[in-house]
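**Student:** Next come the chains, spelled out residue by residue.
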Amino acid sequence: MDTPAHIQVDGLTMAYGGEVVMRDLSFRVSRGEVFVIMGGSGCGKSTLLRHLIGLQRPASGSIRYLGEDFTGADEDAREAMLRRFGVMYQGGALWTSMTLAENVALPLLEYTSLDEREVADMARYKLSLVGLSGFEDYYPTEISGGMVKRASLARAMALDPEILFLDEPGAGLDPVSSRLLDDLILELRDSLGTTVVMVTHELASIFAVADNAVFLDTVTRTQGALGKPTLLRDTSTNPQVRRFLNRSAHTTLA
Amino acid sequence: MLPFLRQPKVSGGFAEIQPAASGRLVVRLSGEWSVRSGLPDAAALGAALEASPEVRRVVFDATAVTRFDSALPAYLLRCSEFARERGAEMETATLPEGVKRLLALSLARPVRERAVHEEEVITFLHHAGEWGIQSARSWRKALDFIGESVLALVALATGRARFRRSELTYFIQNCGADALPIVTLIAFLTGLIMAYVGAVQLSQFGATMYVANLVGLAMVREMGVLMTGIILCGRTGTAFAAQLGSMNASEEIAALRVLGINPVEYLMLPRLIALTLMMPLLTLYANFIGMIGGLVVVSAMDVTVQQYFLQLVKAINMANFCSGLIKSVFFGALIAWAGCFRGMTSGRSSLDVGNAATGAAVLGITLIIVADALFAVIFNVIGYF
Chain A
1 MDTPAHIQVD GLTMAYGGEV VMRDLSFRVS RGEVFVIMGG SGCGKSTLLR
51 HLIGLQRPAS GSIRYLGEDF TGADEDAREA MLRRFGVMYQ GGALWTSMTL
101 AENVALPLLE YTSLDEREVA DMARYKLSLV GLSGFEDYYP TEISGGMVKR
151 ASLARAMALD PEILFLDEPG AGLDPVSSRL LDDLILELRD SLGTTVVMVT
201 HELASIFAVA DNAVFLDTVT RTQGALGKPT LLRDTSTNPQ VRRFLNRSAH
251 TTLA
Chain B
255 MLPFLRQPKV SGGFAEIQPA ASGRLVVRLS GEWSVRSGLP DAAALGAALE
305 ASPEVRRVVF DATAVTRFDS ALPAYLLRCS EFARERGAEM ETATLPEGVK
355 RLLALSLARP VRERAVHEEE VITFLHHAGE WGIQSARSWR KALDFIGESV
405 LALVALATGR ARFRRSELTY FIQNCGADAL PIVTLIAFLT GLIMAYVGAV
455 QLSQFGATMY VANLVGLAMV REMGVLMTGI ILCGRTGTAF AAQLGSMNAS
505 EEIAALRVLG INPVEYLMLP RLIALTLMMP LLTLYANFIG MIGGLVVVSA
555 MDVTVQQYFL QLVKAINMAN FCSGLIKSVF FGALIAWAGC FRGMTSGRSS
605 LDVGNAATGA AVLGITLIIV ADALFAVIFN VIGYF
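Those protein sequence lines, which keep their order, are chains A and B. In terms of this note's numbering, the first sequence opens at residue 1 and continues consecutively. In terms of this note's numbering, the second sequence opens at residue 255 and continues consecutively.
Read the hints as simulated data drawn from the structure, not as lab findings. Given the structure is predicted, the values throughout are model-derived calculations rather than measurements. Wrong hints could be hidden among the right ones.
What the hints assert, rightly or not - Now the stretches of chain B that chain A is said to cover, found in silico as 3 or more residues with beta-carbon under 8 Å:
#1 320–331
#2 355–361
#3 584–594
Claimed, not checked - Have a look at the derived ranges for each label pair, beta carbon to beta carbon:
#4 Ser392(B) - Asp115(A): 54 to 60 Å
#5 Ala171(A) - Ala305(B): 54 to 60 Å
#6 Ala171(A) - Asp398(B): 33 to 39 Å
#7 Trp385(B) - Asp74(A): 51 to 57 Å
#8 Val454(B) - Thr141(A): 55 to 61 Å
#9 Gly91(A) - Val454(B): 57 to 63 Å
#10 Thr141(A) - Gly514(B): 22 to 28 Å
#11 Ile387(B) - Glu19(A): 51 to 57 Å
#12 Asp398(B) - Leu109(A): 38 to 44 Å
All residues carry an ideal CB built from backbone N, CA and C; glycine is no exception.
Sequences and hints are given; from them, build the entire structure.
**Tutor:** And the structure:
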């Protein structure tokens, strides 16, 4: 606890207008950890992610990266922090007027001094990591939905970000791709020390990759539990959490 | 770019290729490998392999690598492509554990053969043929849509058309009442400009009074309806195209079709009806505002308000007055149709949606000018005035 956490969230309350989505979220994510944000549909998982990447301002509370305040930071400091993020959006958010290789290359061209050949090599590698080698010259409208998601992940990884934010990465992927994606996430953590923050409700994926997780409870509108999902499944005192992690429709607790 | 002009890299990864005994090639990797400082060109390895075809194995020595990120596996991936091409094997056992696994992940899935866009010899005939096929296709699309539009109108006429009434009222408000401010401004200025141009000439003959005839007739017969049409084309027609284009991109139109709802009826009719109803009203309004614009000019030239309006009433007969309104009904329908046509037949990317909006404006304005010319001929032939 002596070094500042990679991500530290304190008393975060999220609201749309006057309507509170979630209140009093507090958790920390250490460097090189895979952190999962889980919860039922419509509980505010993606909203939390949008707060973490600065697309929405919190109603109250603070978000800190390596001890540095993110919510109250000035424009320059925010920019510098954003540069260290890689984000994969739920719908892919690929730029449709560019090929896959150009999509991945854009951050490299904007923020590094690499030449054309180097950028092409990097883009190629990132696309091959997500199983899209050979699709460099395709446009996003020419490939399937699952491929769009994978290409979006390749773009998020373009600059080897310190923190990778993934919004529902497994949705729309076949089981094999989904499994390879989990392997990739673990490998990025182990080999490159990337911190991964992931929004998902896919149990297989949650148990496979998560070091730590926060459960957003729709009933109480605050965090239901915090900890390693395999542990939470068996020991959590919150019935919502156990139902979610045991995939049971009824609250049957002994 | 010349090599010495290239931005110097402060640090970075280096790869040194050395031939070794028994058909091997050693690649010594060193330095700090980072995406931000770049990676060496793997083509050097390709060239080395080509120069010595007896090489069967490429061995990597990464003992001098101080730090690495994905730049190193990216370089190795390219190396593996060159090695495969030359039939050489890569020995990766000596690489750091993390690099080995990151490389393995990128090779985990079968490599799809790169989609090579074949270099064709492009001749004039090729271009002409391509152009012909393209325009045939777009004409066909247009004809399809015209057909569907006609069917939708027939359904409307026989009372079988399905669309949401609330949508109709929304569009009536949206393209009628909400357009008033801009129509006011443009019509007022149009009247004012015509009055100025006319007044300068007519006052030389002491006929300043006839500015009323000029402004009044021009407004009711041509300018009122044309200016309103052009405004609605830019304001409403393009909006229709953009709405429907993005609906098409997100498969909303397909969803309607599959549900058994005719999207042309459901989406085009409320827009078409709204604009066809609102266009004459806006034109009427524009005519009136244009005349007021003219009044502002002539009242500065010793013409009273009463004189001006009396002159207007004398100058404009019913036939003149109605000709603009008759045209406005058709123009409204044409603008709405052009917007819906471009939107519903657009492609799925963000560029396509933009093109649809531009296309709607161009097509809409073209259609109303052509229709205006046709009306001029028709009115003349039937001796309307």
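**Student:** Going back to the hint list, which numbers does this structure go against?
**Tutor:** 3, 4 and 5
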